[in-house]
Structure formats: C-alpha cells, structure tokens
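Listed below, chain by chain, are the residues.
There are 2 protein chains.
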Amino acid sequence: MIENPLHLLMNPQSIAVVGANNIPTKMGTVQALSILKDGYKGKFFPIHPKEKKVLGSKAYASAEDLPEVPDLAMLIVPVKSVLPIIESFGKIGTKRAIIVTAGFKETGAAGQKMENELNEVARRYGMRFVGPNCLGIINSQISLNTTVFTMDKEPGLLGFASQSGTYVTQALPALRKRGIRFSKAISLGNEANINIVDALEYLGEDVQTKAIILYIEGIRDGRKFIEVARKITPHKPVLAQYVGGSVSGARAGLSHTGAMAGPDFLYNGIFKQAGIIRVDSVEDLYANGWTMATQPPLKGNRVGVMTNSGGPSTTISYICDSVGLEVPRFSEGLQKEIRKHIEPHASAANPVDLTFDVGIQKLAITIPEIMMKSGEVDAMVLHGVMMTGYMREIYPHLKEMTGNISLEEFLKFSQPVVKEAFELPRKYNMPFLISSFFDEDDCYTKGYQDSNIPVFRFPEKTAIALGCLYRYKQIKERALHKEIILPEINQLAVDIIRKAKQNKQKALNEHAAKKLLSCYGVPVTKEELASTEKEALAAAAKIGYPVALKACSWEIMHKSGKGLIALNVEDEIMLKKEFQNIQKNAGKAVPVLVQEMLKGNREFLAGMTRFAGFGACVVFGLGGIFTEIYKDTTLRTAPLADADAREMFADIRARKLLDGFRGMPEVKKEKLSQIIQAVGNVSLLHPEIAEIDLNPIIINGAKPVVADALIVLESNPKT
Amino acid sequence: MIENPLHLLMNPQSIAVVGANNIPTKMGTVQALSILKDGYKGKFFPIHPKEKKVLGSKAYASAEDLPEVPDLAMLIVPVKSVLPIIESFGKIGTKRAIIVTAGFKETGAAGQKMENELNEVARRYGMRFVGPNCLGIINSQISLNTTVFTMDKEPGLLGFASQSGTYVTQALPALRKRGIRFSKAISLGNEANINIVDALEYLGEDVQTKAIILYIEGIRDGRKFIEVARKITPHKPVLAQYVGGSVSGARAGLSHTGAMAGPDFLYNGIFKQAGIIRVDSVEDLYANGWTMATQPPLKGNRVGVMTNSGGPSTTISYICDSVGLEVPRFSEGLQKEIRKHIEPHASAANPVDLTFDVGIQKLAITIPEIMMKSGEVDAMVLHGVMMTGYMREIYPHLKEMTGNISLEEFLKFSQPVVKEAFELPRKYNMPFLISSFFDEDDCYTKGYQDSNIPVFRFPEKTAIALGCLYRYKQIKERALHKEIILPEINQLAVDIIRKAKQNKQKALNEHAAKKLLSCYGVPVTKEELASTEKEALAAAAKIGYPVALKACSWEIMHKSGKGLIALNVEDEIMLKKEFQNIQKNAGKAVPVLVQEMLKGNREFLAGMTRFAGFGACVVFGLGGIFTEIYKDTTLRTAPLADADAREMFADIRARKLLDGFRGMPEVKKEKLSQIIQAVGNVSLLHPEIAEIDLNPIIINGAKPVVADALIVLESNPKT
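Protein chains in written order, with the numbering used here: chain A, 11 to 729; chain B, 11 to 729.
Because the hints were derived from the structure by calculation, they are not lab data.
Please note that a few of the clues may not be correct.
In silico lysine to aspartate or glutamate, EDC-like type, Cα no more than 20 angstroms apart, as pairs [unchecked claim]:
{"hint": "1", "chain 1": "B", "residue 1": "Lys456", "chain 2": "A", "residue 2": "Glu613"}
{"hint": "2", "chain 1": "B", "residue 1": "Lys666", "chain 2": "A", "residue 2": "Glu638"}
{"hint": "3", "chain 1": "B", "residue 1": "Lys409", "chain 2": "A", "residue 2": "Glu336"}
{"hint": "4", "chain 1": "A", "residue 1": "Lys609", "chain 2": "B", "residue 2": "Glu580"}
{"hint": "5", "chain 1": "A", "residue 1": "Lys679", "chain 2": "A", "residue 2": "Asp661"}
{"hint": "6", "chain 1": "A", "residue 1": "Lys572", "chain 2": "B", "residue 2": "Glu580"}
{"hint": "7", "chain 1": "B", "residue 1": "Lys609", "chain 2": "A", "residue 2": "Glu410"}
{"hint": "8", "chain 1": "B", "residue 1": "Lys47", "chain 2": "A", "residue 2": "Glu410"}
{"hint": "9", "chain 1": "A", "residue 1": "Lys163", "chain 2": "B", "residue 2": "Glu676"}
Just a sample of chain A residues kept apart from chain B, beta carbon distances all over 10 angstroms, derived [what the hints assert, rightly or not]:
{"hint": "10", "residue": "Gly113"}
{"hint": "11", "residue": "His355"}
{"hint": "12", "residue": "Glu386"}
{"hint": "13", "residue": "Ile495"}
{"hint": "14", "residue": "Ile499"}
{"hint": "15", "residue": "Arg612"}
If you anchor each label on the Cβ, the simulated ranges turn out as follows [to be verified]:
{"hint": "16", "chain 1": "B", "residue 1": "Asn32", "chain 2": "A", "residue 2": "Val427", "range": "19 to 29 angstroms"}
{"hint": "17", "chain 1": "A", "residue 1": "His245", "chain 2": "B", "residue 2": "Ile375", "range": "22 to 32 angstroms"}
{"hint": "18", "chain 1": "A", "residue 1": "Ala712", "chain 2": "B", "residue 2": "Lys609", "range": "21 to 31 angstroms"}
{"hint": "19", "chain 1": "B", "residue 1": "Gly711", "chain 2": "A", "residue 2": "Lys544", "range": "27 to 37 angstroms"}
Fair warning: this is a prediction, and the values are worked out from it, not measured in the lab.
Heads up, the beta-carbon is just placed ideally off N, CA and C, and yes, glycines get one too.
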C-alpha cells in the first residue's frame, strides 16, 4: 500500500514559508504567524530575498540556502513565481508543499496550462502538494495551523476536507463559539495534485478523527472516491455537503476552484452507495459532524426530551417524527417516578416539561438520569439549562435592587455550576444533545461545550442531528460491500454491436437492443421483426392478439407521439390498418416490431448513463408516463450487487408499488434486481455503449419484463 | 367593527400586578421588574396581601383597595387563586388581564373545567384576557415588557403571536445578538379567551408591525383564522411555523397548551389559501420574518452575490436555484466595469469574488453599487465584510509583534468603519442581506444589524430568506379574494339525502352519490343500476360495450380488491359471467352498476373532509393507484373560487399532467375547477354530508369525468 501523501504533509518536522515578511497585513505573514504562534513544535524557515529576519526567525534568500531540507514548503507568492520556487524545493529534496497562491485553473485555459506545468515539475521531483488556490491545513494533534485565522488550543475530533478555504478558516471563530474543533482540516483548493479522495482516505485512517465532513463543489475521480468512502463509512461516519448540482452553483464553483460539477441526482446516488450522509448546509455539516464525532452510536429511535418550556419540546418532538425518530409516551411506572420531581401541572409523559423552573439539579441531572436509566429512551435532548446567561439577562432589572453592583459581582449570585451535569451524559452511553438560546456566555452552554456535548442554538437542530445519528445506524447495519465479479462477455452481444457500428449506427434498434439484453438474462417482450404486412400478420398469429406494433429503426430513438406505435392491436383488420399507418407516419418503408401486449399497471424504468469520473451509472425508478412528472429515480455506479439493487428499491418514493399493493402481487424483486445488475454489467462489458434506457419495464403479474429498450452507442468509446 | 381586545391590553395606561413581591427569584417579581425597568411610562400597582411596598411602589392588599381602576391586571399567582382574583378585578371594572398562571386545560379535564369557569367570570364582567399558562406580552412602542427577560430598548418592526412563551422570552437574548426586535409580541398560552386569530388581526392592523410571525401548535377557529389572514397577507407578510402535525408533536403540544393539532396537509393547505408562508424552524421564523419586516419587496428573481470567498458564494448560488431564484451571469459590459476593481484571477461574472482581500470599500460599497445600478439584479447578498472580528482573531498572533499591547489597543489599529456601507443598501430600494461568520463583536455585523440589514451567520440562510421574499412577491400578485356566492340548494339532492337517512344509511351508494353530484353540474360516467342480469344486459346494450360492472350498495364503501368490480366487460357472455361473480363475491343479491368504460391515462381525485374548526375542506390531487404512493394532494377550505382551484392545480407535483403532455391534450381546467368548486359547495349546502371521495376522476380526452364517488353521511350533522 502506498502511503497517503498527506501523512507527511500534515506532520512535517520542518516548514519553509515563502511569502511571509514583517508586515502584519500581508497574507503570507498572517499565515506564518499561525505556524509560529499556535504551538507548532517543528522548525520554521522563512525564505525572503532581502530580509535577514522574518517574524523573529533567521530568513534565507532561497531554498538552496536553507541549512536543512524542510519536510514541507508553503508558498504565498505571486503566481509567476510559483513554478521556479517549487522547482527550487524539488531540487533540494523537499517532498511536500502547500501552494496558497491563486490564479491557476480557476481563471481559464492559461491558468490550466500553468497548473499542468506545476504538476509536471512536482512529478519530476516526486513532490506532492495541496493547492494551488487554497488556504492551508490544520493538524490540531501537533498544533499546526497554516491558515489565516487562530486555531483552538484544544485538539479536536472532527476531520474536514474542504473545497472551500473559507470554511476551514473564516468559519473558525464561529466554530470556536460552538465548541466545535477540528482534528485535521485541509483546504484543497484546485486539487492539482493531492485531491479530495486522498484527503478522505487520510482522514479515514487518522485515529484522532472520529467523524469526517466534506464540502464538495465537484469530484473528479468519482470511482476512487466511492471505493475509498465505502471502506471508511462502516466504521467512521462521513457527512457531505454538495453544492455543484444547480446551474448557478455549478457556474460559481467553476470560477472558484475550477471544479466540474455533476447533477444533484448523481451525487445523491453515489453518497448513498458510499454510505455518506448528505446535509444541506455548512452549518449542518459542522454541527452534525461534531455530533457524530462526539456522541456514542444511537441504538434505537426513541428520544427522551427534557425541558422547562413547552415550545422547544413540541418543536423537537415534531422534527424527531420527520427524521424517523419518535418521542415515545413513557410507561405509567416511569411517569410516576418522574412526577415525584415536578409540579402537578407539568407533564411527565415525554417530553417532560418542568415548566418555568431554574432548578438545574432536576432539569439537568435528576430527571434525565431517571429517563436514561429507564430503558425507555435511546437518546436525550435537554432544553433550557441556563444560569449566567439568564443572570445577565435579568441584571439590568435587578441592578438597582441589589444596590447597583456590577455585572461581575451580580453574576456571583448565580447558583454554583453543577459539574455533574457535564458528566451525566457519558454515564449511560447514549447520545445527549443540548438545545439552548444562550451562547457560551452562559456557564452551562460553555460547560457542556467544553465537555464535548454539542449545544445547538435552536431546538430543531438537535432533532436533525439525531436524525443523522439514526441514518448512520442504518449505514452501519448495511451488508459490507464485496467485490463484484462480472459475467463473461457474450459473443452474440459483441456481434450485435459490431454490426451496428459497421452500419454506422448511432444506436441499436429496439429489437437488437432487446436481443443484446437477452444475452445477459434480461427478460423482454415476445416479439418479431416484420418487414411486410404479411410477416407482421404471421408474427401476430404466433404471438397471439392483442399485440403492439412499433416502427423499428435505430434512427427513430424516440417513437412516442409520432404515430409510430399502435397498442392493443386486437385483430388482423386492425393490424393491417395500423401497419399501413406506421409506414405512412414514418414517411418511408420501415420494419415493424410485432410485440406481445403485456398486462400490468405497474411500470418501472432502468437505465445507464456515463458521467465523467464516475463511469457507468445505473438509474432505477418509476417508469411510464409518470417518469417526467415525479422524477422518482435513484442512481448507483456499476457494477451493482444484489444488495445495491435492494437499496435502490427502498430508495424510491414509489417503493410500496413493489410490494403486494391494492390486490396486485409482490413484484419478483430478485428478477428486477437481475435486470438492474445486468444493465450495469452490460455497460462495463461493452464500453461501446453510451446509454441504456429501459422504459417501461412492465410488471406482468409479478414478473418484470422489459417492454421498450434503447441502447445508444458511443461515438468515441472509452475502454 | 368591534375593537380588537388587544388594543387596550397592549396599551394600558395602568397595570396591576398580583404575584410580585420583593424576592428577586420569584417569577412574578421578575415579570414586574420587566414592567418597571424597561421604560414603561404608565402606572404600576402591585397587589400584595402583606407587603406595604413591592419593588419600591406602594402595594395594595386587593383590587378593591386600588386608588383607581387599572386598565390591565396581570396574575402570577397559585392556580387556586386565579378565579377569585379575576372576579375581584371584574368587580372594580378592569377590562383586560394577562393570566400567567399554569395548571388549566393543559393538565386535563379538571383544568379544563376551571378554565371554563374563568372564561365565564370574565364574560360576566366584559373582561378579555390573554392566557392562562402564558408569559405575557411585549409592546416595544410604549416600552412595555411583561415577560421574564429584558427587552431591547429600540422599538422593533416584527410582530409575533406565539403559542409558546419561551419563544417570546427565552429567545430574546439570541434575537438581540442578531439585531432582531419585536414591534409587539404576545405569548398566547391556552387561549381561553383571546386567541391567535385576535392576535393576528391586531398585528395586521398595527402600523408599527411590518411583518408578522406565528408559532402554532394548533388553531381552533380555523375559518376565522383564514378570513383574517386573507385580509392581511396582500399588504403585510405573514410567516408561520406549525409543529402539531405529527404524532409526537401533537402529543407534546396537547400537554403544553392543550392545543388540538390537525394534520400537516391541513395546515399546509390553509396557509397557502391564506397567503401565509410556512417555515420549518423557529430560527427561520425569526430571521426570515425580520428580513420581511426590514427589506423592500423583491421585484424579480435575479440575485447578485458579492464575496471575498468562493465557498459561501457557491453555496448561496446553489440554494438560490433551489428556491426559484437565479444568480445570473452578468453581461460583458457589467463584467468589464467590475473587472476594473478586482484582481485578474478573481471572477466578475456573478458571484463576484474579490478573493482574499480585506478592502471594505470595494467589497461593501464600490462593487455592490455597480451591481445594483446595473439593472441586472433584484437583490444583493454580501459575504465576508469584517473588521474587528478579524482583528480579534489575529490578535493572539500579532500581540508580541505589536509590543504586547492589549486587545483594546490592538483593535484601534482596525481600519475605521466605513459608515457608507450601512447606508448603501437603502439607496437602490432592493433587498440587501449579509452573510458573515462573525457575531455582533465584529463592527460590521453590528453596524449592519443596527441599520436593520439582516446578518445571517451561515451563507445558506441568506438565500432561504430571499426565497421567502420571492414567495411573498407571488402572494402579493394573487387576485384578491372575493366573497363566494353559493348556488341554490337542489331539491333532488335534498331528497336523495333524506331518503338515505330515512333508510338509516351511513353513506350513499355510488349511483346515488353521482346523481347528487350531477344536481350540481358534476360530470359523471353514463351508468344504470341493474338488479337482475337481464337489466344489466339491457343497460350495457344502451351504454355500449365495453362496460364496467360494480356492486352498488351503500354498505360496500370500499369495493376494490374484493371481486366486486369488473372492468372492460366486452360482451354479453363476459357480462353474464361477471354479474354472477359479483353476486357470489358479495355473498348476497346486490344491485350492479353498469357503467361506461372511460378511456384515459390521467386520473385525479377530489374529496372533502371536515376538520374541527376549519369546517369543510376540499382536497384535490393525483388519483388512481398512485394516490397512496405519492400523496400528491393539496387542500383548501370550502367554498372555493375558480382562482382557488387554479392554485390547487399549480400546487400539485403532477401539475404538468394537466397540460398538454406526451401527446395528450390539455385538460379542460375550467371543467375540473367546476368539479372541485362543486365539491365545496355541496359540502356547505348539505351539512349532512361528512365526507366526499371522488377517485378516480378520469380525464377522457380532455374532459374530466367522475368515474367513482363515495359520499359518507354525518351521524350527527352540524348545521
């Protein structure tokens, strides 16, 4: 196994910085100060053409002048200087670099060329680098911070790979206030060399990192990404935000890091396949990531809610329901026990509502402990614990009454902090989250945060975070992914494609497409190709009326709405009429496919599209006329295991339609799974195929049968 | 017009408080201090049985001892004392009260009885009150605050009616940090007397209130709520959070304020009908409400994004797309003008990204002004303006370099605040929102907030808030609601119902249901009722094969899956067989409905259910086998105008199916609208009807025809 390039980059014994001087407004200086002042114990070598000393350290004129070979070079220099400087480090034997400088691929063709050259130079010297156009890295384990902001002293637990530098730096003060701390964080920039897959792999191996978050504008090596993620997610949670999947989002990302974005449904699918939990905002990325990093696994879906105010507890309960959790009504026995501690008008049923009461002991310890001990909950949410925050609030009102004492003196009247409150959550090994309107200026918000108990500023967020824990429970319970062995390539299928290509076809006709699919066991409609009316009559007699007639030519890829299809052809008279109709509407003599009419109210679709970086992706979903209406589809990359197909079945909103439904029998799911798997296999065995579209797959009784098929060929097949 | 009871309650010249003493930990004392210390200029009379003075004011032993009749009485007393005290105030002529005390309806039957008595006493004395089980009110216009927390000095613009006291009080410090200030806020408690409809009406009339937010666990007088809201929303935005629509949420709410919750889809529908924007969290309620209260209307959907970091701008762009907005690529001319002010590698296309640059002038003024002037944007979002927040961040790193000066001294090195930044947003009369990771400890966050420019802590939230403004634009563009005149009651319909009731039927049979609907112009299938095979054959001959056969008896409300329906009966032989089958499956002789078989791939549904407080509600949506699968329906209360029906058409996800679709003609929407309106009218004209279910309504060609109908009768009709 090749060592991940980030091992050395994140753990250098010595760092050379080019671009720092003694002017504190310069970005390079600010970044060098982060290295110098946040506790990093390694060596620091500033490189400066003129200065003798930079930030108190002896400066060197160039890489060649350094007294030793630094493990890491960091460049914050004008874009024109990047190449020669990297080369100079290459020459002395430095193997890792961080290139902060922007102005490469994200600016267009000229920038892309420079970026290629940069990569070429690095390759020549066996050098690996992060960037360009990034803001650096954080390794809290060795107190190394190369960003422009100040890092927390206390090492963190959350690993972050980000295609935005801002989210690793500018967000730091906001995170500090919420008690959220990175184990490692990497601003990836343009990913010319080290990319998000390397970062994900590194964070997956990193023991300090308990959960991983990813901010993504686009992934280039999608296949590798899934492979790596799939190994990590069974034992370490990964959350991702993806923002490239819209017109405006994709354009913004392109000008930001030059990322090529793909559609939302692609990323939705690959995240699911890889066991990654998608979130919708960077706030949720941080906060839910922190929850995953700090909290024990959720063992069930029952949430206990303890509060001193009804609004938040009602709100939390409502959101819990919407993410698959429940706030169960407590047993009579448990309620009785709780009632000993609360006012007669307060509710003991769960949520337990103390009503207005600032008694911390009951709210934060006694009753939560009764709830956790009971065996009736799997997680706890607590709202309303507060002390100095509350005291600050009422101080202006009480100032006069207390002889105009200062706020500091007034705060001394606060009840002493009950430290047990911060220890309780660990005692019963279940997730424990806090909802509070108070920032860290309240001693309880601060105390919980300092004990790695997440505090959410608004109640809904606690339930959403628990929802992520619940989702991760399901991910861990999935069967482990196993290597998929592809079937043998089928010679008849090869011949069908070769013939079509010789014929300069851009697609197979429906009949040929179905023949090809049949080679791999896909069930298709009984059908015969007829060039004449006579042949058509004979075919229909053989298949049995009613039949369907369809113009069959590769040039007619989309037949509907053009008078090229006749359904429910009941007898010879009708057949003759419709056969002529089709010829007329086609405008020339066209072969007609005579096909059995399948009975079945349920129609699905399966298909394949290739996406750059991700290769062949298989889509499954609702077919027929509702395809465009509900866009109820789900995607996975090929090849697929039966388990993948089963997850796809569970993934669509119309999943109930696959079960026994309204008197219809349960669909033979193993057969449907085989079709979906075959679509994936065919795509991998025959790279000449660009696209597959099977719609509808009619459920005939319980059995899925492909009733229409389109196979489009690649103009430039990838092998 | 009766004056809204809150006018006097919110604007009292004098307040008597019962339940305050001189112990600062007592809730009543804390609330009295809020009245005394937040600037209220009216008179304050504490009532106390023993104390001579309370909080420095002369105390009175009882209401009878007061030197004058106070406008408002506020009670924070044990539950047993509430009734006699209210009675004593009634006797002296006090007309308004706030009852903070809990322990009424929310505790069960005994509490409900007490609450009824309380209302009875109030009625006797013409007294109106807020509560019980509430936390009081805020009227920032007269600096009146009766809650337990401290109110902002500066009057606000946002009106709040809340079924949670916490959201009016405990949230205040969090809101203050975000610059969000209430005009008026009302904690409604159990709504024994003054309810959320009164509060909504009051806030609608209040000139100080520029936008209204509602926190809702359940609405009792739903009809009145819609009526009142419908008058307000064309000229003042109303946002609502509803949390009663889940099992856990409903139970939590019931024990909180005794609110009876209804299902989510009911509230979704009535919010839409009333022009209320629904939000999913209390954070969005506050933040988006504040945006609506402070920002000018949005005139189009084009958003300009200005930033110094790519992550947030990509994220904002992505979310904009998802809420119907766009971040358009700027014209070449505009880009050229912007390029004069930015680095060559930075993007001028929109988002405009300065990249790392702390130059406030360009980021906050020069370039945003160019964008706003251009006519190419309708709203602005700015991310990354910061100064003292940033200085605080880098201080630990620069402390030594700057001779170990204090933070305060260091902050003096900050560039002076450019005040113009806070004036610019108002200059071009378009929404202007800020995204920043910095709290109000940054001078720009504070400056914007103090100028009523909303600052969001995470970038996504700006786009979501703009989405609310965009939604409000659509609401204002709706046709104004007009009084709907019901048709005359139809005598045949009356007879059908009377006959069924004489017959002790719980429902009409399908044939009778369709006859009744026909009386009001609803198109139904051609059909005849047949008691014998012979009659059935005659009917089929008349209607024309193929036909459908259905067992027709009011006792068989749900026929599917029981062998009681035969579709596509093609000839006499098949009819005879199926007729016998139905008799056999029914287990006894049953009349059979012989019905034309309609052709049509598109199936919709319409129906009616009565909800407590809301009366007859009409549902429209996708019908047929997908009804349960996609639950793609929308609801409005009856009666419906054509405009309401058209909004329902636009509301379902399958809306495209109503247009020309895949070669099918556009549905005759005026006919479908008539069906939906008729369902509403029938419900109002015939209160004996409990439920109506028309499913499917088949689109035959372009024409909607009701193919199946169920009308359930009320056991205890409401009139």
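Structure-based check of each hint:
For the hint pairing B:Lys456 with A:Glu613, the CA-to-CA distance comes to about 58 angstroms; that exceeds 20 angstroms, so the pair is violated. Straight-line distance between C-alpha atoms of B:Lys666 and A:Glu638 comes to about 9 angstroms, which keeps the hinted pair within the 20 angstroms bound. With a C-alpha separation of about 51 angstroms, the suggested pair B:Lys409 and A:Glu336 falls outside the 20 angstroms cut-off, and the hint is violated. Note on A:Lys609 and B:Glu580: the hinted pairing holds, with a Cα-Cα distance of about 16 angstroms set against a maximum of 20 angstroms.
Distance hint between A:Lys679 and A:Asp661 is fulfilled; the C-alpha atoms sit about 14 angstroms from each other, no more than 20 angstroms. Straight-line distance between C-alpha atoms of A:Lys572 and B:Glu580 comes to about 29 angstroms, which puts the hinted pair past the 20 angstroms bound. Under the criterion of a C-alpha separation no larger than 20 angstroms, the hint pairing B:Lys609 with A:Glu410 is inconsistent with the structure, at around 82 angstroms. Of the pairs offered as hints, the one joining B:Lys47 and A:Glu410 holds, with about 10 angstroms between alpha carbons and a cut-off of 20 angstroms not exceeded.
Proximity of A:Lys163 to B:Glu676 is assessed by CA-CA distance (about 66 angstroms); at most 20 angstroms being required, the pair is judged violated. Here A:Gly113 does not stay apart from chain B, with its beta-carbon only about 4 angstroms from theirs, under the 10 angstroms limit. A beta-carbon of chain B is positioned within 10 angstroms of the beta-carbon of A:His355; the least distance is around 4 angstroms. In this structure A:Glu386 is separated from chain B by more than 10 angstroms, as the shortest Cβ-Cβ distance comes to about 14 angstroms.
A cut-off of 10 angstroms between C-beta atoms confirms that A:Ile495 is not in contact with chain B; the least separation is 36 angstroms. A:Ile499, annotated as away from the interface, keeps every beta carbon of chain B farther than 10 angstroms; the closest lies near 37 angstroms. Not every CB of chain B lies more than 10 angstroms from the CB of A:Arg612, the least distance being 8 angstroms, so the non-interface label is violated. Distance hint check: the CB atoms of B:Asn32 and A:Val427 are about 27 angstroms apart, consistent with the given range 19 to 29 angstroms.
Between A:His245 and B:Ile375 the CB atoms are about 51 angstroms apart, so this pair departs from the stated range of 22 to 32 angstroms. At roughly 27 angstroms, the beta-carbon separation of A:Ala712 and B:Lys609 lies within the given 21 to 31 angstroms, and the hint holds. Separated by about 35 angstroms at the C-beta atoms, B:Gly711 and A:Lys544 satisfy the suggested range of 27 to 37 angstroms.
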